[in-house]
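Undergrad: Here is how the chains run, residue by residue.
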Amino acid sequence: NAGVTQTPKFRVLKTGQSMTLLCAQDMNHEYMYWYRQDPGMGLRLIHYSVGEGTTAKGEVPDGYNVSRLKKQNFLLGLESAAPSQTSVYFCASTTTGAGNQPQHFGDGTRLSIL
Amino acid sequence: GEDVEQSLFLSVREGDSSVINCTYTDSSSTYLYWYKQEPGAGLQLLTYIFSNMDMKQDQRLTVLLNKKDKHLSLRIADTQTGDSAIYFCAAKLSGGYQKVTFGIGTKLQVIP
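Chains A and B, in that order, give the protein sequences. Here the first sequence is numbered in the working numbering, starting from 79 and rising by one per residue. Here the second sequence is numbered in the working numbering, starting from 13 and rising by one per residue.
Certain hints may be false.
Straight line, CA to CA, 27 angstroms or less: simulated DSS-like cross-link-like pairs of lysine-lysine [to be verified]:
#1 Lys135(A) / Lys68(B)
#2 Lys111(B) / Lys87(A)
#3 Lys148(A) / Lys79(B)
#4 Lys135(A) / Lys148(A)
#5 Lys68(B) / Lys79(B)
Listed next, the stretches of chain A that the computed footprint assigns to chain B, with coverage defined by at least 3 CB atoms under 8 angstroms from CB atoms of chain B [to be verified]:
#6 114-127
#7 144-152
Since the hints were made in silico from the structure, they are not lab data. Note that the structure is a prediction, hence the values are computed from the model and not measured. Glycine residues also receive a C-beta, built at the ideal position from the N, C-alpha and C atoms.
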C-alpha cells in the first residue's frame, strides 16, 4: 500500500523554467492538498481539491497552478519558477472533510530555484 | 483566521518524559492533531483529539486539551532516541474543506 506518492523527490530549476510536481494516492481519497514548507513558517496551503475535476485556491496560490483530471492524481505546476518558490512541497489527501479523517502526507519534493 | 503557536525546540534525556505545548486562537477548532516529521520525510499522524475531550492516551502518548485556555500538549513517556523529530500541532476549524492550520513545529532532541 503506497499511500501518497510524490515525484520527483528532488529538483533544481533555473529561474523562469517550468515544471510539474505529481502527487498520486491509492486510497480513493476525495480531497487532495498541496502545501509548501518553509523554515519558521510551518505548512502553508497552496491549492486543494475536493474531488475529481475541481480545484481551489489556498493561502498562497500565486505562481502555481493545479489540475485534478483523475481522482488519484493532483498535479502542481510552476509556470515560471522564481527563487521565492524554493521550498519543500508536500501533498496530502483525505477521505472527506470530516475532522476524524486526518490528512495523509507524501514524503515531499525538495525544490531549489537558482 | 486561526493561528497555531508552538515553541521551536525541546531537549530531553532518554528515558525522561517530553511535553510539547501548543496554543491556538480559534475557539471553534473542532479537531486538534499532532504530527511527527522525521528528517527527509513527510508528516506522519501521531494522534488527534476531538474538542469535546480533555485527554486522550495512546500507548506512550498522552494528549491534553484545555479548551478554555486553547492549549494543547503532547506528552511522550519514556522518550527514546527514535522520538527525535519535529512535532507539528494542527487545528481544524469546523466545516469547509477541512481547512487545517499547522504550527511551525517543535524540534525534539533526545540526548542518550
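Undergrad: If a hint holds in the structure, say so; if it doesn't, say that too.
TA: Evaluated hints:
1. Lys135(A) / Lys68(B): Violated, at about 34 angstroms.
2. Lys111(B) / Lys87(A): Status holds; Cα separation ~26 angstroms.
3. Lys148(A) / Lys79(B): violated, 40 angstroms
4. Lys135(A) / Lys148(A): Within the cut-off at roughly 18 angstroms; holds.
5. Lys68(B) / Lys79(B): Roughly 14 angstroms separates the two Cα atoms, so the pair holds.
6. 114-127: Holds: 6 residues of the stretch 114-127 of chain A have a Cβ under 8 angstroms from chain B.
7. 144-152: violated (count 0)
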